[in-house]
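Line by line, the protein sequences are chains F and A. Each step along the first sequence adds one to the number in this note's numbering, with nothing skipped, and position 161 is 161. Each step along the second sequence adds one to the number in this note's numbering, with nothing skipped, and position 399 is 399.
You may find that some hints are simply not true.
Calculated cross-link-like contacts (lysine-lysine; reagent style DSS-like; alpha-carbon spacing at most 30 Å) [to be verified]:
| hint | chain 1 | residue 1 | chain 2 | residue 2 |
| --- | --- | --- | --- | --- |
| 1 | A | K125 | A | K3 |
| 2 | A | K368 | F | K147 |
| 3 | F | K117 | F | K185 |
| 4 | A | K280 | A | K335 |
| 5 | F | K172 | F | K119 |
| 6 | F | K119 | F | K147 |
| 7 | A | K280 | F | K130 |
| 8 | A | K26 | A | K64 |
| 9 | F | K117 | A | K368 |
| 10 | A | K319 | F | K119 |
| 11 | A | K319 | A | K82 |
| 12 | A | K445 | F | K185 |
| 13 | A | K319 | F | K147 |
| 14 | F | K119 | A | K280 |
| 15 | F | K185 | A | K335 |
It should be emphasised that the hints constitute simulated quantities derived from the structure, not laboratory data.
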Amino acid sequence: MLSAPDKKQLITRLKKDILQWEGYKAPAAGTNQTAGLGAIEAAFPNGVFPLGAVHELVCANTGQATACGGFVSGLLSVLMQNGGACLWIGLSGNVFPAALKAFGLEPDRVIFVNLGKDKDVLWVMEEALKCTGLAAVVGELRELDFKQSRRLQLAVEQSHVTGFVLRNRSDKMGSTACAARWQIKPLPSEAVDGLPGLGFARWKVELLRVRNGQPGNWVVEWSPAGFSVIGKAMAAPQQLMIG
Amino acid sequence: MQKRFMSIWFRHLTTDWLSLRRPELKDVPFVFATPERNRIIITAANPLAEAQGIHRGMAAADAKALTTNLQVLDHIPGKEAKLLRQLGLWCIRYTPVVAVDLPGGLILDISGCAHLWGGEREYLKEIVNKLRTSGYDARAAIADTIGTAWAVARYGKTTPIIQSGQQAQALLNLPPVALRLEPIILEKLQKLGFVTIKSFIQLPRTVLRRRFGEGFLSRLAQALGVEDEFITPLVPPVPYTERLPCLEPIRTVPGIEIAIQKLLEALCLRLQSEGKGLRKAVLKCYRVDGKMVQAGISTNRGSHSVSHLLKLFQLQIGKIEPALGIELFLLEAPKVEDVDALQEKLWAGKPGLADTALAELLDRIAGKVGPERIRRYLPAEHYWPERSIRPAISLHEIPETKWQPGTRRPLRLLRRPEPVEVMALLPDHPPKVFTYKGRRHVVAKADGPERIEREWWRDKGEHRDYYAVEDSDGQRYWLFRSGHYDAAPQWYLHGFFA
Numbered sequence: 001m002l003s004a005p006d007k008k009q010l011i012t013r014l015k016k017d018i019l020q021w022e023g024y025k026a027p028a029a030g031t032n033q034t035a036g037l038g039a040i041e042a043a044f045p046n047g048v049f050p051l052g053a054v055h056e057l058v059c060a061n062t063g064q065a066t067a068c069g070g071f072v073s074g075l076l077s078v079l080m081q082n083g084g085a086c087l088w089i090g091l092s093g094n095v096f097p098a099a100l101k102a103f104g105l106e107p108d109r110v111i112f113v114n115l116g117k118d119k120d121v122l123w124v125m126e127e128a129l130k131c132t133g134l135a136a137v138v139g140e141l142r143e144l145d146f147k148q149s150r151r152l153q154l155a156v157e158q159s160h161v162t163g164f165v166l167r168n169r170s171d172k173m174g175s176t177a178c179a180a181r182w183q184i185k186p187l188p189s190e191a192v193d194g195l196p197g198l199g200f201a202r203w204k205v206e207l208l209r210v211r212n213g214q215p216g217n218w219v220v221e222w223s224p225a226g227f228s229v230i231g232k233a234m235a236a237p238q239q240l241m242i243g
Numbered sequence: 001m002q003k004r005f006m007s008i009w010f011r012h013l014t015t016d017w018l019s020l021r022r023p024e025l026k027d028v029p030f031v032f033a034t035p036e037r038n039r040i041i042i043t044a045a046n047p048l049a050e051a052q053g054i055h056r057g058m059a060a061a062d063a064k065a066l067t068t069n070l071q072v073l074d075h076i077p078g079k080e081a082k083l084l085r086q087l088g089l090w091c092i093r094y095t096p097v098v099a100v101d102l103p104g105g106l107i108l109d110i111s112g113c114a115h116l117w118g119g120e121r122e123y124l125k126e127i128v129n130k131l132r133t134s135g136y137d138a139r140a141a142i143a144d145t146i147g148t149a150w151a152v153a154r155y156g157k158t159t160p161i162i163q164s165g166q167q168a169q170a171l172l173n174l175p176p177v178a179l180r181l182e183p184i185i186l187e188k189l190q191k192l193g194f195v196t197i198k199s200f201i202q203l204p205r206t207v208l209r210r211r212f213g214e215g216f217l218s219r220l221a222q223a224l225g226v227e228d229e230f231i232t233p234l235v236p237p238v239p240y241t242e243r244l245p246c247l248e249p250i251r252t253v254p255g256i257e258i259a260i261q262k263l264l265e266a267l268c269l270r271l272q273s274e275g276k277g278l279r280k281a282v283l284k285c286y287r288v289d290g291k292m293v294q295a296g297i298s299t300n301r302g303s304h305s306v307s308h309l310l311k312l313f314q315l316q317i318g319k320i321e322p323a324l325g326i327e328l329f330l331l332e333a334p335k336v337e338d339v340d341a342l343q344e345k346l347w348a349g350k351p352g353l354a355d356t357a358l359a360e361l362l363d364r365i366a367g368k369v370g371p372e373r374i375r376r377y378l379p380a381e382h383y384w385p386e387r388s389i390r391p392a393i394s395l396h397e398i399p400e401t402k403w404q405p406g407t408r409r410p411l412r413l414l415r416r417p418e419p420v421e422v423m424a425l426l427p428d429h430p431p432k433v434f435t436y437k438g439r440r441h442v443v444a445k446a447d448g449p450e451r452i453e454r455e456w457w458r459d460k461g462e463h464r465d466y467y468a469v470e471d472s473d474g475q476r477y478w479l480f481r482s483g484h485y486d487a488a489p490q491w492y493l494h495g496f497f498a
């Protein structure tokens with residue numbers, strides 16, 4: 001019979017082995033690959049934010065959709081910092097480029113594609129995710145089923161482009177092949193230095209599902225310096241099994 | 001075979017062209033002039049101005065003193081060469097070898113061409129008449145050598161056609177300037193009293209060489225036909241077109257694909273060798289029933305890649321209706337541009353807007369959903385939110401001004417501001433409560449107002465006072481009041497902050 005610490009050690013080692021068999025490589029020593037998310041990155045396998053994967057963001061209303069846009073823009077600023085370009089495929093077409101500057105990215109390097117149908121968005125998104133010349137692709141969709149998400153995931157595996165899917169319809173939530181499912185909700189801002197008025201944008205970031213990782217939720221604030229995690233909001237929601 | 005040359009001289013080339021473009025100038029004396037050493041010098045004068053004694057090289061001020069209604073227009077650099085090139089290309093219908101002869105002339109190598117028009121006289125008449133009826137004052141002459149034809153076209157007084165071997169006689173009575181000599185030599189000749197060519201043509205060559213140099217003798221020899229002279233003929237541009245006739249009418253998608261691929265391979269080979277890239281291409285399919293269907297593609301940047309262009313055409317194949325079959329494919333490239341030679345990369349460059357893969361992706365998207373759906377925005381120098389961005393014209397365009405990082409702008413901006421019901425505690429205070437789409441929002445925090453004035457030189461209306469507000473749920477909005485508070489202003493919601 002093994003002692004408790006030994007058991008724990010064995011389980012960690014086995015977990016690491018499984019990750020390696022599944023294709024998750026630990027980052028090479030010395031590389032500083034980060035998405036600027038701080039403590040949240042620890043929730044992912046090996047503690048690395050998965051780039052070259054498709055992330056799914058669920059938005060229930062306009063407020064959440066805007067918060068998702070802000071969160072994604074913050075991530076894009078890291079992905080595009082070495083001069084890359086990004087494609088933003090929208091259904092609404094109401095993203096205001098001038099506002100993106102506040103999230104630290106050059107708005108003229110974002111190419112917007114305004115479409116009316118989910119079918120077109122998926123076609124364009126799949127083509128774009130295959131294109132190695134892009135840093136990231138953002139697609140706004142109504143719904144995403146497993147088959148469609150699998151296609152996007154396959155496209156990404158070749159090109160290592162990061163994809164973000166903003167889903168508007170949150171009532172039907174089937175399982176998808178995306179690396180992570182997020183929900184971003186706006187939170188009241190805190191006053192900066194005790195001054196009246198609005199503070200920095202603050203969100204409740206919920207990581208609903210993550211492949212081989214630990215779901216959780218955090219309070220995150222965006223300031224011109226980047227993301228800062230204020231703290232864990234609540235206990236993690238009940239863990240969902242990923243098929 | 002004896003060579004025969006024709007020289008055409010346009011006496012008023014640029015002024016004739018302008019009279020054709022602007023008929024109102026037909027009855028007005030006008031000149032082209034350009035500043036030269038602090039003076040305005042005339043470069044060309046129309047026949048009416050010349051009749052008043054105005055000639056090229058004169059100061060514009062002197063010319064204005066001669067006539068009352070002289071119009072002085074800016075000289076257009078390079079226009080003469082451009083016009084001559086166009087006229088030269090037109091002349092290719094008379095002979096395959098045409099060269100531009102600046103200033104103001106064309107040289108045609110007409111050896112073996114004139115008999116098709118019934119002799120040299122008819123040939124010359126035909127060309128000169130055609131040019132004169134189209135509005136260009138032209139003179140022409142035919143001779144064995146370029147030099148003689150040139151001289152007779154400009155200074156000849158008797159016949160424009162110099163029979164073979166008669167160059168010397170034709171030149172005798174002409175002034176030395178007819179030999180295309182440099183101004184310094186002309187001046188010397190004038191000082192020495194040589195008024196016509198016959199006064200010095202008999203002098204020993206050694207004497208002439210010593211006094212006027214080798215260039216002078218060479219010009220004389222060229223005119224007499226002792227020395228050969230060469231011209232650089234104009235090469236008309238060949239249109240970028242490929243044809244593919246089919247033995248059997250083609251009706252299937254794979255068949256059409258093979259046809260497109262073959263056409264593209266031929267076209268791209270040519271484009272590549274000339275360093276060009278295709279921007280627009282049209283595929284015309286001539287059907288057995290006599291009708292023609294066509295499909296077009298366009299690219300963001302010049303491309304001569306067969307695989308990429310084929311992919312773009314594959315998106316269009318569905319629009320080609322073969323009916324009973326297609327018997328002839330015609331691929332045209334109406335728009336091409338120079339492309340930089342691609343260098344094989346040792347390391348993949350950083351991805352960016354200049355990336356070829358990205359340009360190709362955008363071409364495919366444009367082919368599928370339409371180019372009007374793809375937009376990239378650049379900052380515009382306006383504060384009015386709707387006008388603070390403008391669509392970029394091309395993928396290469398870089399912003400002229402910087403994006404404004406300091407101003408707080410909503411991530412999602414409504415295309416049209418939506419009216420809201422608002423309650424504010426005091427005039428000019430931010431709202432306390434507002435109702436948007438039937439829902440009541442209690443404002444917890446607010447910033448503002450930020451007043452944005454309407455651009456009065458563009459449109460009339462009220463200014464806007466913007467407030468950034470946060471409701472009790474934490475959602476942030478951009479509201480504005482249109483106009484001042486006094487006359488029951490209307491409030492609008494214009495955007496959502498992240």
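Here is how each hint holds up against the structure:
A threshold of 30 Å between alpha carbons decides the hint, and for K125(A) with K3(A) the separation of about 20 Å falls inside it, so the pair holds. In summary, the hint linking K368(A) to K147(F) is supported, as the alpha carbons are separated by about 22 Å, within the 30 Å threshold. A threshold of 30 Å between alpha carbons decides the hint, and for K117(F) with K185(F) the separation of about 26 Å falls inside it, so the pair holds. Distance restraint check for K280(A) and K335(A): the Cα-Cα separation of roughly 5 Å lies within the 30 Å cut-off, and the hinted pair is therefore satisfied.
For the given pair, K172(F) sits about 18 Å from K119(F) by alpha-carbon distance, which is consistent with the 30 Å threshold. Distance check on the hinted pair: K119(F) and K147(F) sit about 13 Å apart at the alpha-carbon level, within 30 Å; holds. Among the hinted pairs, K280(A) with K130(F) is consistent with the structure: their alpha-carbon atoms are about 25 Å apart, no more than 30 Å. Straight-line distance between C-alpha atoms of K26(A) and K64(A) comes to about 18 Å, which keeps the hinted pair within the 30 Å bound.
Between K117(F) and K368(A) the CA atoms are separated by roughly 13 Å; this keeps the pair inside 30 Å, and the hint holds. Distance check on the hinted pair: K319(A) and K119(F) sit about 20 Å apart at the alpha-carbon level, within 30 Å; holds. A C-alpha spacing of about 41 Å is found between K319(A) and K82(A), which places the hinted pair above 30 Å, so the restraint is violated. For the hint pairing K445(A) with K185(F), the CA-to-CA distance comes to about 18 Å; that is within 30 Å, so the pair holds.
This hinted pair checks out: K319(A) and K147(F) have alpha carbons roughly 29 Å apart, not beyond 30 Å. Using a Cα cut-off of 30 Å, the hinted pair K119(F) and K280(A) holds, with the two alpha carbons roughly 27 Å apart. Using a Cα cut-off of 30 Å, the hinted pair K185(F) and K335(A) is violated, with the two alpha carbons roughly 50 Å apart.
When the structure is compared with the earlier hints, violations turn up for hints 11 and 15 and for no others.
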